[in-house]
Amino acid sequence: MSGSFPQDSVGLVESQHMHFDESLRLDCGRELPAYGLTYETYGTLNATASNAVLVCHALSGDHHAAGYHDASARKPGWWEACIGPGKPLDTNRFFVVCSNNIGGCHGSTGPTSNNPDTGQPYGADFPMVTVRDWVRTQARLADYLGIARWAAVAGGSLGGMQALQWAIDQPDRVGHAVVIAAAPRLSAQNIAFNEVARQAIRSDPEFHDGRYAARGERPRTGLMLARMLGHITYLSEAAMGAKFGRDRRGSGEGEHGDYGFNYDVEFEVESYLRHQGQSFVDRFDANTYLLMTKALDYFDPAADFGGDLERALGSTRSPFFVASFTSDWRFPPAASREIVRALLDTNRRVSYAEIRADHGHDAFLMPVPRYQAVFSAYMARVAEEVGA
Amino acid sequence: MSPLREDLQIVANWVEEGARVLDLGCGDGRLLRHLFEQRRATGYGLEIDPAGITDSIANGVNVIESDIDEGLSDFDDDAFDQVILTQTLQAVRRPDQLLREMMRVGRAGIVTFPNFAYYRLRWHLAVRGRMPMSNALSYAWYETPNIHFCTIRDFEVLCDGLGIHILERRVLSHELKRPLVGGLLPNLFGEVALYRICRA
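Here the protein sequences come in this chain order: G and L. Be aware that the first sequence starts at 1, since it is given in this note's numbering, and climbs by one per residue. Be aware that the second sequence starts at 389, since it is given in this note's numbering, and climbs by one per residue.
Bound-form chain L, shown alone:
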């Protein structure tokens, strides 16, 4: 199996050995498979896309077809060590409610999302006057599943308001490369933001 994408590798490194994980929007199950095989993790993926569900099953992970916009009511409080949401926050109907649900069913969480304040996106909007498109945001505005863009600063303000504690933040710059200047001005130079969070 091909090596994990850089952002997923960072996420994987954040998951402790033998953890019980819930991956929200698990796609083809690649991350979960890696966690099952390399970190002896157990748990489930939730996915809504039929092809993703079939691929996840082919990858040998447990996947439940479900719509995370309808909440996580299938799961009890504190059912997981880690609840993971990679590149999906911007596509859900109520990111605030989902974050609250994540903190209910998991002891800790991992969230990654495309940073809308990334300088290339700002440039796109400021100079060309068009909705930004980039590697991380490859849809035109009228067809995008991404309905709730946010910036690194927005996310941190929301976490504060929800009583969510940020344990660690990482950013990746263009093409998922590690930032050159030691992560200076992350809200400007970070294309993808990665967070480890827990209840405050």
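Just chain G, with the same shape it has in the complex:
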């Protein structure tokens, strides 16, 4: 069966689930009495458990980072460009682990899970979670998998922030931190985009203060709008221009006389955004989207140190690989350079690449040749170091 997948793919993969009965104290002050993590692994853990790499997912990502769930699956996992045989996270050398964050909606405990106190889905009652909470849950997963120390913790966007948090909170368990297309904190503009997304969801009449599941409804329109807005910010103007231009459905670039003079889908970009929004609604939960955007907004490791990022990074011990993309205006190179600067000031080992790419923020998911080459070079050194 694996013969039907590309050679450089991990091929057919299956999700696994681990239930933790130990309660988890969250940053928000509340406690989860028990929780579960859904995760996937690729490659083989070596005898000394030295070759494990933790991959952290972004806002709308999940544990399915690479490979295919069944032979007919059209789409591979979200980081297929970087995980697989011969790829930067080379599964011939590394044992790659990716878990769905708690608060998520793809198997790990989150708003769609049943609240043990009520027997009903948590919905709006699910506590707010932070990036630090995610690190705590993943540390327990590492314990369970017998991984004392990750060869590297890697991620892009919110996942890159999580890798940074790992390096700060668990310095003894992180061999290298790979922080891609991330930021030390969100800008006001970023929080503003998140707030518009949240308001779109919360003002949908079918949101019912987050208790939509109990009524058998869903705030589809609101979630769709939130995703459409987010999607615009993940692409660059150049990328959208190249992909859609002013093309119109069916007709390509037509004369003025061809306009419909109505509000139906007319331009290709409208069609694309609506499709993205609609397909997102089918696979994502609105309460999870709200929680994830808040986790992003709250992320600010320097805040505990009077805004001094240098001091916040004082606990780290791992070398860092930081990368950004020139056309990324959501997490621009300047944000990555701020992380680099703080690491330089703290005398940490760090390498930084600013990759020319037109795809905007989404470039971190794409097979950009220079990105794959420099990421591969870094990970090859990591592999040598841990004997993978």
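No lab work stands behind these hints, which were simulated from the structure alone. Values in this document were obtained by computation on a predicted structure and should not be read as measured data. Beta carbons: idealized from backbone N, C-alpha and C, even for Gly. Wrong hints could be hidden among the right ones.
[What the hints assert, rightly or not] Examples of chain L residues lying across from chain G (beta carbon under 7 Å, computed): (1) P438; (2) T442; (3) A446; (4) G448; (5) N450; (6) I452; (7) E453; (8) D462.
[To be verified] Taking beta-carbon pairs under 10 Å as the criterion, some of the chain G residues facing chain L (in silico): (9) A188; (10) I191; (11) F321; (12) V340; (13) R341; (14) L344; (15) R349; (16) V350; (17) S351.
Let chain G serve as the given structure and place chain L on it in line with the hints.
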């Protein structure tokens, strides 16, 4: 790994054990790797060329993608024991400003550059009337990244004006060989100049 080029070997010998170094335009990271491995040095390379950055990482050195024409504002005063600039001075927009920045972030510096007063280059220009090309200067005038050529004398006058003290000068002649006549008339017979400098 292959042995260092003669000019880089001289530079490496100038770096003290365990020094904190910044290599401006570190290329493929070869010199830094040598310094990390052979002299227990620590520090960073700055590079702008994508292939150089990937090669530097493969060489296991810390490399930061950055444009040294934009200054060294990422670094604090006195952050390094040695700031190294090999064969790059002639390619930067403002060599004077870069030298000043080097002396701000480092306690000492090492600078190497192709000497434009080298006799073969003088000959090229004087007799053939064409912009010189040589081993050290292998580009045609219209495509060269080298925009600020200088001579040994020019460099020393500039250092004097910037309040930079020259601790040591070495020259290499044709094909990076040590000069035959004990370094006589360096501005004429030196193809590559190497300097150890510090704040006066």
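Here is how each hint holds up against the structure:
A hinted interface residue such as L:P438 counts as satisfied when its beta carbon comes closer than 7 Å to some beta carbon of chain G; here the least separation is about 5 Å, so the hint holds. For L:T442, the interface hint holds, since its Cβ comes within 7 Å of a Cβ in chain G; the closest pair sits about 5 Å apart. Hint status for L:A446 relative to chain G: holds, with the closest Cβ pair at about 4 Å, below 7 Å. The closest approach between the C-beta of L:G448 and any C-beta of chain G is roughly 6 Å, which is under the 7 Å cut-off, so the hint is satisfied.
For the restraint placing L:N450 at the interface with chain G, the shortest Cβ-Cβ distance is roughly 5 Å, inside the 7 Å limit, so the hint holds. With its C-beta approaching chain G no nearer than about 5 Å, L:I452 sits inside the 7 Å limit, and its interface hint holds. Taking 7 Å as the C-beta cut-off, the interface hint given for L:E453 holds, the closest approach to chain G being about 5 Å. Taking 7 Å as the C-beta contact cut-off toward chain G, the hint placing L:D462 at the interface holds, the least distance being around 5 Å.
Because the smallest distance between the Cβ of G:A188 and any Cβ of chain L comes to about 24 Å, over 10 Å, the interface hint for this residue is violated. Taking 10 Å as the C-beta contact cut-off toward chain L, the hint placing G:I191 at the interface is violated, the least distance being around 27 Å. A hinted interface residue such as G:F321 counts as satisfied when its beta carbon comes closer than 10 Å to some beta carbon of chain L; here the least separation is about 8 Å, so the hint holds. Hint status for G:V340: holds, given a least beta-carbon distance of 6 Å to chain L, under 10 Å.
With its C-beta approaching chain L no nearer than about 5 Å, G:R341 sits inside the 10 Å limit, and its interface hint holds. About 6 Å separates the beta-carbon of G:L344 from the nearest beta-carbon of chain L, less than 10 Å, and the hint is met. The interface hint given for G:R349 holds, since its Cβ lies 5 Å from the closest Cβ of chain L, which is under the 10 Å cut-off. Residue-level restraint check for G:V350 holds (minimum Cβ-Cβ distance to chain L is 6 Å; threshold 10 Å).
This hint holds: G:S351 has a C-beta 5 Å from the nearest C-beta of chain L, less than the 10 Å allowed.
When held up to the earlier numbered hints, the structure conflicts with 9 and 10 and fits the remainder.
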